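Peer 1: The residues making up each chain are set out below.
Number of protein chains: 2
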Amino acid sequence: MKNVLGLRCVECSKEVSPEAGTYTCPSCGSKGGIMDVVYDYQEINRLTTRKQVTNSRDYSMFRYLSFLPIYPESARPHLRVGWSPLYKPQGLGKSLGMSNLYIKDDGQNPTSSLKDRASIIAVIKAVEEKAPTVACSSTGNAASSLAGNAAAMGLKSVIFVPSRAPQGKIAQLMIFGATVISVQGSYEDTFRLSAEAIEHFGWYNRNAAINPYLVEGKKTVALEIAEQLNWDVPDWVILSVGDGCTIAGVWKGFRDLYLAGWIDRLPKIAGVQSTGCSPLVDAFLEDRPWRPKEENTIADSIAVGVPRNPDKALNAVRESGGTMVAVTDEAILEAMRQLGRTSGIFGEPAGVTGTAGLKALVEKGVIGADEKVVSIVTGNGLKDVLNAIKAVGEPLKVEPSLQELLMKMEVVE
Amino acid sequence: MKNVLGLRCVECSKEVSPEAGTYTCPSCGSKGGIMDVVYDYQEINRLTTRKQVTNSRDYSMFRYLSFLPIYPESARPHLRVGWSPLYKPQGLGKSLGMSNLYIKDDGQNPTSSLKDRASIIAVIKAVEEKAPTVACSSTGNAASSLAGNAAAMGLKSVIFVPSRAPQGKIAQLMIFGATVISVQGSYEDTFRLSAEAIEHFGWYNRNAAINPYLVEGKKTVALEIAEQLNWDVPDWVILSVGDGCTIAGVWKGFRDLYLAGWIDRLPKIAGVQSTGCSPLVDAFLEDRPWRPKEENTIADSIAVGVPRNPDKALNAVRESGGTMVAVTDEAILEAMRQLGRTSGIFGEPAGVTGTAGLKALVEKGVIGADEKVVSIVTGNGLKDVLNAIKAVGEPLKVEPSLQELLMKMEVVE
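So the sequences go chain by chain: A and B. Position 336 (the first sequence) corresponds to 335 in numbering that gives the first Met the number 0; numbering is contiguous. Position 284 (the second sequence) corresponds to 283 in numbering that gives the first Met the number 0; numbering is contiguous.
FYI, nobody ran anything at the bench for these hints, they're computed from the structure. Keep in mind that this is a model prediction, so the values were computed, not measured. Certain hints may be false.
Since the list gives no way to pick one copy over another, a pair counts as held whenever it fits inside one copy or between any two copies.
[Claimed, not checked] With a straight-line Cα cutoff of 20 angstroms, these simulated EDC-like cross-link-like pairs (lysine to aspartate or glutamate) come out: (1) Lys396 to Glu187; (2) Lys389 to Glu42; (3) Lys129 to Glu318; (4) Lys155 to Glu285; (5) Lys407 to Asp188; (6) Lys129 to Glu409; (7) Lys251 to Glu187; (8) Lys389 to Glu128; (9) Lys396 to Glu318; (10) Lys13 to Glu226; (11) Lys155 to Glu127; (12) Lys389 to Glu127; (13) Lys129 to Asp231.
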């Protein structure tokens with residue numbers, strides 16, 4: 000990894016070598032500061048130019064290999080992760096009164112969420128470090144993506160999920176052959192138990208807030224957005240926030256591109272949570288440290304009362320000059336319908352929370368109607384069908400008779 | 000459409016102009032023979048060379064525009080349909096004892112099934128013909144893909160589904176704003192009612208067996224397979240069969256490439272059904288006309304007792320020198336597990352039925368261990384979570400305590 004200088008603690012700025020084998024800061028005591036990967040941007044530019052990347056025929060996140068903390072020769076799973084489509088859906092733009100709106104549909108990934116970007120890095124690092132088993136705790140998407148990528152890589156996976164995780168996500172990861180532990184408690188309980196078990200068994204740790212490499216996978220969504228817009232940076236990038244790792248990854252991606260000289264400005268980052276679980280939005284809006292909150296939202300992927308990466312998330316928003324907003328679950332369901340009906344995009348509740356927040360920020364005048372905005376849809380709606388049904392209701396039931404159909408359709412119209 | 004010479008009846012070979020506005024043969028009486036699109040292969044080669052396609056940066060099925068029956072200037076929805084990944088999963092190959100096995104994962108499409116390839120053509124043709132509403136009957140995937148593509152195109156959609164369609168598919172298409180009619184009967188009842196209603200209301204007909212343009216969209220999966228293998232045609236392509244339109248499309252794709260001189264041989268096509276609903280396999284194996292069958296299989300997308308395109312399907316298999324096989328629902332569930340565990344690919348039951356059939360044909364010695372085989376996974380497993388749960392069972396439930404976890408894991412191991 001010629002492109003990586005080291006890992007730097009986000010709390011105390013201590014730097015360690017990536018070969019040191021530690022994932023948390025050795026100087027920050029028992030708390031263990033979160034680390035950031037530090038790159039040699041000159042080396043990145045020696046390895047690949049922006050033009051070379053633009054001409055690359057590798058239509059996956061690995062077109063950005065020079066920006067990733069893996070050895071170029073490391074084994075990789077066959078799954079095609081990344082290079083998800085960036086759409087400019089006219090219908091949605093119109094319905095929100097926006098002229099320059101893009102949707103990055105990251106539900107179009109092998110296991111149907113953005114988390115594949117982190118999990119594929121996790122399994123590559125696990126094999127680099129000769130670990131036979133990978134593990135994580137997750138509200139669902141990180142889990143199924145880890146299980147899927149581990150299966151493709153020939154690794155075992157152990158997954159801790161909170162009891163509320165939707166059945167689609169559970170089924171998906173069991174299909175991938177994971178050992179699944181359903182923890183009868185909150186996400187906080189789940190995270191804690193996974194950390195204890197990972198330490199006990201010596202499994203490779205894919206918990207995004209602890210493992211500094213995962214945010215590097217997530218950042219590729221930002222690299223793609225920049226390239227898909229011909230390196231012309233949007234005014235805003237807006238997405239949902241749970242643990243805080245994904246928004247941190249998005250910001251890291253744009254910062255890395257900027258520091259490497261591939262883009263000439265940075266976007267503002269907007270983070271959105273549900274009013275049912277908004278510890279980071281509250282902290283941001285009230286300009287105070289975050290405090291734990293209850294987890295009362297249908298958007299299970301971001302129902303995180305005790306976020307694991309609050310500082311990186313809040314830094315991303317603040318440094319970018321961005322903002323945060325909370326939206327109700329009803330607004331989230333409405334965003335599901337709106338994206339579906341106007342654009343043919345089916346997002347899960349947490350996946351469309353960014354779009355719901357966008358609507359709120361446009362109505363408040365924080366985001367202008369003509370600004371160039373990218374809203375990231377982070378997961379596919381098929382992952383959580385029960386909430387989709389909540390959003391839309393039931394179909395019209397008829398006996399196989401045209402007469403009955405005509406009668407019932409008249410009643411409906 | 001300079002590349003299209005006309006539509007030819009598959010029964011009586013009568014040809015009509017594509018401008019004639021008829022979708023079934025005017026000479027075949029009330030039955031209405033199914034039509035095939037006839038191309039001018041010289042014109043195709045004048046429009047694009049194989050090398051130009053190979054260098055195209057349009058990573059969707061529209062890289063093959065010269066092989067499609069649409070006007071180049073026609074409006075298209077923004078959704079990225081096609082160019083799904085072709086994997087060579089070592090783990091799966093190993094577990095089946097095969098050295099040269101590829102999986103085409105068509106669950107990686109905007110609405111998570113191969114049917115997007117047909118539906119995007121349907122909405123393009125509907126707009127070409129100035130129809131404001133599109134309609135179809137479907138066991139699910141054609142429905143959700145039509146609804147999604149219609150939403151993206153700004154069209155209304157009316158969808159007829161049999162009452163047994165899984166809730167994931169229903170929710171998906173209601174999210175896309177479709178008017179959904181759940182017909183309390185079989186797929187046959189559903190098809191019949193939709194045909195009556197389509198005629199009554201004058202909606203654009205997306206029923207694949209009637210609309211000759213849809214198979215043209217489906218054939219792009221074959222074009223992609225050829226290109227992704229560097230135009231080196233596989234020995235076998237194997238996939239599930241319901242109505243028969245998809246397998247007909249695959250064969251049409253390879254034939255068109257061959258007739259245009261882009262490939263130098265044709266693959267054998269193997270079609271697979273569930274033993275719970277195998278009218279076409281039975282007809283093929285017993286070399287007799289097909290007869291209606293009950294619809295008793297978990298593979299809902301291919302539970303078609305009265306297939307709409309039996310001739311095209313049987314022709315595809317026979318002309319190619321291929322074969323057909325039926326597999327039990329248990330073998331289908333096992334294929335779901337096998338694909339998931341060894342490859343990180345999650346297919347729905349009908350989606351993996353081809354892979355289950357491959358296993359059977361390898362065991363029978365019909366397909367050799369070193370032959371180059373492409374198995375098409377036609378839909379994403381998230382569409383039918385209840386059957387996935389059947390395949391895998393429930394997770395391990397534990398209270399948030401390491402001690403309990405250690406105890407329960409010991410019991411499991």
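Peer 1: Hint by hint, which ones does this structure get wrong, listed from lowest number up?
Peer 2: Structure breaks hints 2, 3, 4, 6, 7, 8, 9, 10, 12, 13.
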